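These are the residues of each chain, in order.
2 protein chains.
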Amino acid sequence: MQSKVLSLLLGCACLSTLALARSANAQVGYTPTFNADGTVTMKFVAPNATKVQIVPINKPNGLFKTDIAMTKGDNGVWSATFKPDRPGFHYYNINVDGLSMIDPGATLYWGLFNYTPGLDVPDPNLDFYSLKDVPHGTIRYQLYNSKVTGKTRRATVYTPPGYDKSTDKYPVLYLQHGASENEDSWTHMGKANLIMDNLLADKKAVPMIVVMDYGYATPPGQPVVPTTPDGRRGSGGPGGRNPNTPGNPFEQVMVTELIPTIDREFRTLADRDHRAMAGLSMGGAESLQIVSTHMDLFGSMGLFHPGGTGPFDPKTSFGGTWANTEDVNKKMHTIFIAAGTLDNLYNQNKGIHTSMDTAGIKNTWFESEEAHEWQGWRKDLHEFAPLLFADKK
Amino acid sequence: MQSKVLSLLLGCACLSTLALARSANAQVGYTPTFNADGTVTMKFVAPNATKVQIVPINKPNGLFKTDIAMTKGDNGVWSATFKPDRPGFHYYNINVDGLSMIDPGATLYWGLFNYTPGLDVPDPNLDFYSLKDVPHGTIRYQLYNSKVTGKTRRATVYTPPGYDKSTDKYPVLYLQHGASENEDSWTHMGKANLIMDNLLADKKAVPMIVVMDYGYATPPGQPVVPTTPDGRRGSGGPGGRNPNTPGNPFEQVMVTELIPTIDREFRTLADRDHRAMAGLSMGGAESLQIVSTHMDLFGSMGLFHPGGTGPFDPKTSFGGTWANTEDVNKKMHTIFIAAGTLDNLYNQNKGIHTSMDTAGIKNTWFESEEAHEWQGWRKDLHEFAPLLFADKK
Chain L
137 MQSKVLSLLL GCACLSTLAL ARSANAQVGY TPTFNADGTV TMKFVAPNAT KVQIVPINKP
197 NGLFKTDIAM TKGDNGVWSA TFKPDRPGFH YYNINVDGLS MIDPGATLYW GLFNYTPGLD
257 VPDPNLDFYS LKDVPHGTIR YQLYNSKVTG KTRRATVYTP PGYDKSTDKY PVLYLQHGAS
317 ENEDSWTHMG KANLIMDNLL ADKKAVPMIV VMDYGYATPP GQPVVPTTPD GRRGSGGPGG
377 RNPNTPGNPF EQVMVTELIP TIDREFRTLA DRDHRAMAGL SMGGAESLQI VSTHMDLFGS
437 MGLFHPGGTG PFDPKTSFGG TWANTEDVNK KMHTIFIAAG TLDNLYNQNK GIHTSMDTAG
497 IKNTWFESEE AHEWQGWRKD LHEFAPLLFA DKK
Chain E
137 MQSKVLSLLL GCACLSTLAL ARSANAQVGY TPTFNADGTV TMKFVAPNAT KVQIVPINKP
197 NGLFKTDIAM TKGDNGVWSA TFKPDRPGFH YYNINVDGLS MIDPGATLYW GLFNYTPGLD
257 VPDPNLDFYS LKDVPHGTIR YQLYNSKVTG KTRRATVYTP PGYDKSTDKY PVLYLQHGAS
317 ENEDSWTHMG KANLIMDNLL ADKKAVPMIV VMDYGYATPP GQPVVPTTPD GRRGSGGPGG
377 RNPNTPGNPF EQVMVTELIP TIDREFRTLA DRDHRAMAGL SMGGAESLQI VSTHMDLFGS
437 MGLFHPGGTG PFDPKTSFGG TWANTEDVNK KMHTIFIAAG TLDNLYNQNK GIHTSMDTAG
497 IKNTWFESEE AHEWQGWRKD LHEFAPLLFA DKK
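Same order as they appear, the protein sequences are chains L and E. Letter 234 of the first sequence, counting from 1, is numbered 370 in the numbering used here, and no numbers are missing. Letter 302 of the second sequence, counting from 1, is numbered 438 in the numbering used here, and no numbers are missing.
Just chain L, same shape as in the assembly (with noise of 0.2 Å):
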């Protein structure tokens, strides 16, 4: 049945040996279908399966609370219709007699360090991060050496609309995802490129590149996604690094390797009070720590539900670098702190806003009510972003 199909799937006739070459054994994919009535449907097949689930990453705050059971129609496609718990990107996976499946019809995304099928279920209410008719920015892949791991590394770039045509130079927002994803989950998951494109549209922010790069630094001869010690992909083994240690391999590339290959290959305003940096999870807790320790080169952060940072004392936490508040004000333009309020993350997150407060250095708290998942981030970006760069309104 399956070879049938894809002797279809690929039309023209004079494709037939490629078709039938290829359709042996391959897995045919449905994509999931939203319905008018704001129910997904979703198919997989599985002719000799006797159970296949849908199996929600994150419950209960991911796509739906519990397990989905599918059901078994013709020629082995199983099928659900369901009515997502919430908006928002949700991880899941297919389920087939105790086996977890990707699930080949779905839009699969880098994230638990596998591709991991996602849904993106719309907020009727939300569109800051649609795809709008408004000039768009270019996303760019920018190619660079590094020392510290021993590898060409690759960051992604947003340039804002008009950046060709331009000769302006403009300030960089360094942004960074969470633990177990890359440098494509801004744009991929986040949307980053359509909220900044929107904010540029209804001038809520100013231009500026921002600048996604991989989150991890593997020493040279390990592989670009750390290895647990048992051969798996995971954080567990080198270049897992652990956000609170400063001089850690990331911090190492960030400073004296991507910021300088930036500065170099853009047009961008070189200097600490044109330069930001902001994360979500871990990539929160690496965005506290570098800014800490290099105020010289950052004067604004962003903490998005930040993870692994451990407690924060602005009077001694990275050697004291924000015991002296009134330097600390004068020097730090934007200080911005986002929490998920279903978030189990949430407490630890206000404490570093409170802990700042205190202290009575100027910042701003955002919470919304999510969990750990990408939308409270994109709310978190669409909040952050507007708060950058005063100067050049």
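Don't read these hints as lab results, they were simulated from the structure. These figures come from a predicted structure and were not determined experimentally. Keep in mind that a hint or two might mislead.
One copy or any two copies: either way a pair holds, since identical chains are not told apart in the list.
Stated by the list, open to error - For lysine-lysine, the following DSSO-like pairs were computed, each having C-alpha atoms within a straight-line distance of at most 27 Å:
| hint | residue 1 | residue 2 |
| --- | --- | --- |
| 1 | Lys208 | Lys268 |
| 2 | Lys283 | Lys268 |
| 3 | Lys208 | Lys187 |
| 4 | Lys301 | Lys283 |
| 5 | Lys208 | Lys283 |
| 6 | Lys529 | Lys195 |
| 7 | Lys201 | Lys187 |
| 8 | Lys528 | Lys301 |
| 9 | Lys339 | Lys268 |
| 10 | Lys340 | Lys466 |
Since chain L is already given, all that's left is putting chain E on it; use the hints.
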């Protein structure tokens, strides 16, 4: 067991809530390992399975001639070590008790209208597509509005090293993927950017912009990926183009929307002498059709293992645009036709070359010992690009 491993994966204790929430039911991937003796080791987690196989796609000219049995080890981890038959990029799937699965440890590529595991087996004798320490061009994503399709489309654009710092105008190669692929294929599987970087470093080609668009154009209201009548992804439905039909939506996109966008957004030499079109398989057929019917726009053409061209007769095909040999030889700067000796399309491909030779149309023929596969298309681009835009040398 998987929960335990994933808890380790995310490392930092403070992230354990996230790790625990996500670990439920997630499949954990092992990255395939290339061993020093030329073998590959793959692992796959399936504790309850009774038979697990690696199934090469495109047998017998793929990764391996037959399916490869995996052996069950501790903790439900199956493994196999084997020596790939041939270098180059090859798709495969994992078959678990009769069900085809995506290997989450693999790098996945958009092919067969699905994300499909691929293994890029190095050729110890070839390095023209390797990542080297040479100046790198930039890959950019250009969004553009398309009235033909009622969608915002995305083209991948390679700009050569030095483009940003220069004020020069550049010639443009439009380079198309094959059936079931997309605008990422030429960089993800084809390594087109690295091939160009290396050619330019060796001064074997002139700096050019390479535009890799999405080769399907579905009507307004239809999904971006063409869908078959039964709802699966495939080219059987609207927008699954027949490359031989002049006036088809993809041709309209290319001529009335894409070329004007590129000429507006990039510093191009916007004339036929400095514009080429090439493509592989379906993209080859698209190139033949579009160049044949728009010789006013294109001065060079490359057909890489073209599929779906149908019979070609220079005297009569495409309304006779190739009929006047003297005129064609004056106008067309480079015509390049390539095929693989193991490709079922070899005879059909060679027929185009032979018919041009017979008619006296100047053309370059190139064949290599490949099937219908990326290793051949990489070689085709590597041979073709140096022939282009000779007046700029």
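Of the numbered hints stated earlier in the document, which are not met by this structure?
Per hint list: 1, 5, 6 violated.
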